[in-house]
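**Q** When you get a sec, could you build the whole thing from the sequences and use the hints?
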Amino acid sequence: MDNNYPKILLVEDEKGLRIGTERLLTRKGHSVKSAENGTDGIKLGLAEDFDIALIDYKMPDVDGLQVLKEIKSKKPSTVCFIVTAYASYETAIEATRLGAFNYILKPFTPEELLHQIEKGFKQRKLLLEAEQLRIEREKNLLEIAHEKSRLNTIIESISSGVLLINREGKVVYFNKACLNKLHLEKLEIEDYILDKLPIQITELVNKIFNNHTVHKSYTTEVEIIPNGELIIDATCSPVPHPDGTFAGVVVVLKNITGLKKIEQLKSQFVSMVAHEMKTPLAAVLGYLDILVDPNMNVTQEKRTEYLNRSALRLKSSLDLVNDLLDISRMEMSTKKREIENIRINEIINNSLDVLELEINKKSLTIEKKYVENLPELKIDRDELTKIINNLISNAVKYNNVNGKITISLSIENNFIILIVEDTGIGINADDQAKLFQQFFRAKNKQTRAISGTGLGLSIAKKLIEANHGKISVESVYKQGTKFIVHFPFK
1 MDNNYPKILL VEDEKGLRIG TERLLTRKGH SVKSAENGTD GIKLGLAEDF
51 DIALIDYKMP DVDGLQVLKE IKSKKPSTVC FIVTAYASYE TAIEATRLGA
101 FNYILKPFTP EELLHQIEKG FKQRKLLLEA EQLRIEREKN LLEIAHEKSR
151 LNTIIESISS GVLLINREGK VVYFNKACLN KLHLEKLEIE DYILDKLPIQ
201 ITELVNKIFN NHTVHKSYTT EVEIIPNGEL IIDATCSPVP HPDGTFAGVV
251 VVLKNITGLK KIEQLKSQFV SMVAHEMKTP LAAVLGYLDI LVDPNMNVTQ
301 EKRTEYLNRS ALRLKSSLDL VNDLLDISRM EMSTKKREIE NIRINEIINN
351 SLDVLELEIN KKSLTIEKKY VENLPELKID RDELTKIINN LISNAVKYNN
401 VNGKITISLS IENNFIILIV EDTGIGINAD DQAKLFQQFF RAKNKQTRAI
451 SGTGLGLSIA KKLIEANHGK ISVESVYKQG TKFIVHFPFK
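Each step along the sequence shown adds one to the number in my numbering, with nothing skipped, and position 465 is 465.
Don't read these hints as lab results, they were simulated from the structure.
By construction, the Cβ of each residue, glycine as well, lies at the ideal position given by its N, Cα and C atoms.
Don't take each hint at face value.
[Stated by the list, open to error] Quick list of simulated restraints, FRET-style, between CB atoms: (1) 48 with 183: 21 to 29 Å; (2) 316 with 290: 13 to 21 Å; (3) 311 with 381: 20 to 28 Å.
[Unchecked claim] Below, computed lysine-lysine pairings styled on DSS-like, alpha-carbon distance capped at 30 Å: (4) 207 with 186; (5) 119 with 170; (6) 378 with 336; (7) 254 with 170; (8) 207 with 260; (9) 482 with 368; (10) 207 with 266; (11) 261 with 434; (12) 362 with 434; (13) 196 with 261; (14) 75 with 15; (15) 58 with 336; (16) 72 with 261; (17) 470 with 261; (18) 336 with 361; (19) 119 with 74; (20) 361 with 278; (21) 216 with 170; (22) 404 with 482; (23) 207 with 122; (24) 15 with 72; (25) 7 with 119; (26) 106 with 69; (27) 72 with 28; (28) 33 with 72; (29) 186 with 260.
**A** This is the structure we're talking about:
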């Protein structure tokens, strides 16, 4: 390894991007080898030692996660980046689990790429130094304690907490991250630690002490701060002694609060989808039971009413499924877009017609403020319809009875500006920052009875940005909400 310039593996199936990236890195003095597909990338990555690997997520033969898995399994100290234009919670979790150091989002600038490589090279150096220190630690744990000053720079730079405990249950070494992960204010070398650790970790340490094992590690999850505010993953491993026994236990602590919150959001989403599907389907089944029961004297008028209600409920279930499919297609880039010239006011009028029943139920007033001679948008009709339907539907659902919806269209520079404003329940400041996240729904007593999956605004934002536009929100809690969308027309 050159201490100044890393050796880089580039796995990218897009020829132009591969050649351009290789040329950029070579000019900067880096040694670069490239592969045009995942299969060749795996072969090259296993055949040579690379400091850094830049791996495209989507390739025709083997995807980037499989390439990452193969390289990290044999070359764990190679710092790997996943390069993608489509990041999601699921891929982020899986890539992190497989050992990716970070994401690089396409399109990227040369400065962004070089900055990430610089960070990755620093991590590579730390990993190699840490590996060397681990080997030395296994030879003599006491020597590590005496060389704390040399270790401190390395271990303090690691985000995970590290705690070394000798056979007497006393602290031999710890880093600052250890205090944070355990939520401890103070710790000293040679402190007896077992009575200060969470009971789950103490049990694992004692298990290693009692079994006198030098091979097996144990892992547990611990909630340090209640209500999921801090959750850690603790791995306890024996430290071998030259005499064949063990010198103590090393405890590695990782903050997994973010991952657990993502898992919780996914669980909540699955539960929400199940509820959203169950309610209309149960209603349809009830109507059908009435219609097929020979003992029920159902008039033709009622029969038509039940069938119409069933159709509406089945449509709501179909809409939910379509939302989920839309997200999947956008993340996988499988949907074919048909760009055409469209007048946005026509799409707005169609949306208002579709939502007329809901608008009338709440006795809402609709005000339109359109400037004259609006240019046409070049956009996919289905995408624009989804965007408009979502914004107006939200303005209806979260509005108050006898409220008002104002829809404005204006021109500013090369943008058509759409504003959908309501006089509804509004959104508090904390929730506004999360509003466009997948699966997020504001939780308060006003929204509890309103159905939804937390997907609509996320889909709308993705579609707007896919058309080089942008969306923002302004809201005052209990007063109303305004969504502002900029659509480029040139």
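**Q** State for each hint whether it applies.
**A** Right, here's what the structure says about each hint:
no., hint, result
1, 48 with 183: 21 to 29 Å, "violated (44 Å)"
2, 316 with 290: 13 to 21 Å, "holds (20 Å)"
3, 311 with 381: 20 to 28 Å, "holds (24 Å)"
4, 207 with 186, "holds (26 Å)"
5, 119 with 170, "violated (35 Å)"
6, 378 with 336, "holds (15 Å)"
7, 254 with 170, "holds (21 Å)"
8, 207 with 260, "holds (26 Å)"
9, 482 with 368, "holds (14 Å)"
10, 207 with 266, "violated (34 Å)"
11, 261 with 434, "holds (14 Å)"
12, 362 with 434, "holds (28 Å)"
13, 196 with 261, "holds (26 Å)"
14, 75 with 15, "holds (26 Å)"
15, 58 with 336, "holds (17 Å)"
16, 72 with 261, "holds (26 Å)"
17, 470 with 261, "holds (28 Å)"
18, 336 with 361, "violated (37 Å)"
19, 119 with 74, "holds (22 Å)"
20, 361 with 278, "holds (24 Å)"
21, 216 with 170, "holds (21 Å)"
22, 404 with 482, "holds (12 Å)"
23, 207 with 122, "violated (37 Å)"
24, 15 with 72, "holds (25 Å)"
25, 7 with 119, "holds (14 Å)"
26, 106 with 69, "holds (21 Å)"
27, 72 with 28, "holds (26 Å)"
28, 33 with 72, "holds (18 Å)"
29, 186 with 260, "holds (27 Å)"
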